[in-house]
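**Student:** Okay, here's what each chain looks like letter by letter:
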Amino acid sequence: MTNEIEYIDLISKHFAGEASNEEMKLLLSWLKADAANQKVFDDYKNTWELVESEKINNQISIDAEWEKLNSKLFMSADEKETTKIYKLNTERKSASQWVYRALRIAAVFTLLAGFSYLIYHYYSYEPKQKQVFAQTENLENKLPDGTSVVLHKGSTLEYPEEFKGNNRSVKLTGEAYFDVAHDKTKPFIISAEDLRIEVLGTSFYVNSNAGNGKMEVVLTTGKLAVFYKDKPNNKVILNPGDKAEVSKAEKTITKVVNEDQNYMAWKTKKMVFFDDRLGDIIQILNKVYNSNIQLKSENLADCRITATFDNQSLDAVLNVLKATVDFTINKKSSVIEISGNGCK
Amino acid sequence: MSFKTPFLSEENQHKIQAITKAAFEELFRDNFKGLCFFAHKYVRDIQTSKELVQDAFINLWEKREGIDTSKSVKSYLTTIVYNKCLNYIRDNKKFDREILEFENLFPVQDNASDEKLITSEISKQIKDAIDELPEKCREVFMLSRYQNLKYQEIADKLMISIKTVETQMSKALQHLRIKLADYLPIMLIIVEIIKNSNKN
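Order-wise, the sequence lines are chains A and B.
271 is the number that this note's numbering gives to position 271 of the first sequence; each next residue is one higher, with no gaps.
60 is the number that this note's numbering gives to position 60 of the second sequence; each next residue is one higher, with no gaps.
The set of hints was computed from the structure by calculation and includes no laboratory data.
Keep in mind the model is a prediction, meaning the values are calculated, not measured.
Do not rely on the hints blindly, as some may be mistaken.
Said to hold, decoys possible - Taking lysine-lysine pairs in the DSBU-like style, the calculated list, with each CA pair at most 35 angstroms apart, reads:
#1 A:K171 <-> B:K127
#2 B:K136 <-> A:K68
#3 A:K331 <-> B:K74
#4 A:K251 <-> B:K171
#5 B:K21 <-> A:K171
#6 B:K21 <-> A:K164
#7 A:K72 <-> B:K157
#8 B:K63 <-> A:K72
#9 A:K68 <-> A:K45
#10 B:K127 <-> A:K68
#11 B:K63 <-> A:K269
#12 B:K124 <-> A:K251
#13 A:K153 <-> A:K39
#14 A:K72 <-> B:K74
#15 A:K269 <-> B:K163
#16 A:K296 <-> A:K142
#17 A:K229 <-> B:K124
#18 A:K184 <-> A:K45
#19 B:K21 <-> A:K153
#20 B:K127 <-> A:K296
#21 A:K322 <-> B:K163
#22 A:K184 <-> A:K128
#23 A:K331 <-> B:K136
#24 A:K287 <-> A:K270
#25 B:K84 <-> A:K72
#26 A:K214 <-> A:K39
#27 A:K39 <-> B:K136
#28 A:K287 <-> B:K124
#29 A:K130 <-> B:K150
#30 B:K124 <-> A:K171
#31 A:K39 <-> A:K68
#32 A:K332 <-> B:K150
#33 A:K25 <-> B:K127
#34 A:K296 <-> B:K163
What the hints assert, rightly or not - Restraint-style ranges between C-beta atoms, simulated for each label pair:
#35 B:R90 <-> A:L28: 15 to 23 angstroms
#36 B:N87 <-> A:K223: 51 to 59 angstroms
#37 A:K223 <-> B:M159: 43 to 51 angstroms
#38 A:K287 <-> B:I178: 45 to 53 angstroms
#39 A:D145 <-> B:N92: 33 to 41 angstroms
#40 A:K223 <-> B:E135: 41 to 49 angstroms
Every residue, glycine too, gets a C-beta built ideally from N, C-alpha and C.
Bound-form chain A, shown alone (with noise of 0.2 angstroms):
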């Protein structure tokens, strides 16, 4: 087999789409021309194919695109039905047209035993559990009762197909942001470890790895109430602006007043700095930005920076940056070097 290399370049192109008619032609008179490169090529193929269905996977959900059948196909049909009902009202009405009426009676036991079946269906099976995982950036996403959930990069959550019984359940390992549908009846009950945070319907963050064995629950609106599982009478209610820091090992909950601006950076890449230090400035940076920046340069650290930032680029920012201190940046590969001679 000669230059199979070449061809694996080929194969790899063909598969993104990228192959001209050329290559193509290529491509098919190397296929022919031995057996074995047909194998060659149907493991590339398969492996291909592997991890296109992972990602076709966990990119399609099936709930949501059975809502979308559900609504084009069912409920076009009521409204059909509508019509023509109010039709055969004017007319006078012929044999055939009593056979059609009473056809629409027996439609209507028809539909009686249609839902009695699903409310039958409803109440007797266990909704699966459905796991999402932000692996390589921010996730948002749809939960059943209409609850938007943004997910940080390497955060999990897992909550049932479907909210049945009297609460709608959840369970968050990382970081997160939830805009919470309101629905009085039914609370809405994060799981993080053994914290649990409930809510009727608010929009807040939570981080259940906070560093130095701490979790985070900041309010943005609404209200809410945060408590161990065990203690459930312990609760400390939260109001908009107030942050619940927790501590893991004692099992601690303290209210205190949120006064970290940038703690939603890392969903709206909007960042504010009033008189920071370059060294925490940039470890919020490396959240935001999934990046790796290093300050090569300690004395750099307690250089203080004023600026706003709104959905700008990391290049851009390191500029605005980079004129206010003076640095050099330094790129290599996906380490981002920052060095220079620091402030007075």
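Following the hints, put chain B in place on chain A, whose structure we already have.
**Tutor:** Chain B in isolation, oriented as in the chain A frame:
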């Protein structure tokens, strides 16, 4: 799952329609992803695949009384999706019989919904295999496969040559082929397991 279920006895006409809708939903839930995956082989685009499969289900629902229940509904669905795919590539891309042939996309498989779906274990293996790729290689691969960028766009974004993008893509594919070799032959068995566990 076919529409010929034991529930549909003659004397219980009232229930027919209702169960048919429930059966239709079950059919949809069991087969939607598999059919999308099948369509994706032809059209290479998730959004288009989803739309084609949605259309096929609408088609099935509209013809639900006229279809031949001696054949499985699945192979009926597969045929509709297959025809829709061919129409799509005819209208939107160049249609090349030879290419379809060497990719084994001719003739149509009987049950597209038996297509490989992925267990969480394999899903993890795939993620791990991608994570193991060297930094640059992974970056190129992710931009191409998960963000749908063209080679040229990747080259521009990463400020590398298009030739480098090509090389990195094929490096990624070679690595994945080796890493996932164990999973290639068992893909069909997995489908069966998934389906059976879904029935519970």
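**Student:** Among the hints numbered above, which are violated by the structure, and what are their numbers in rising order?
**Tutor:** Checked against the structure, the hints that fail are numbers 2, 3, 4, 7, 11, 13, 16, 18, 19, 26, 31 and 38, while the rest are satisfied.
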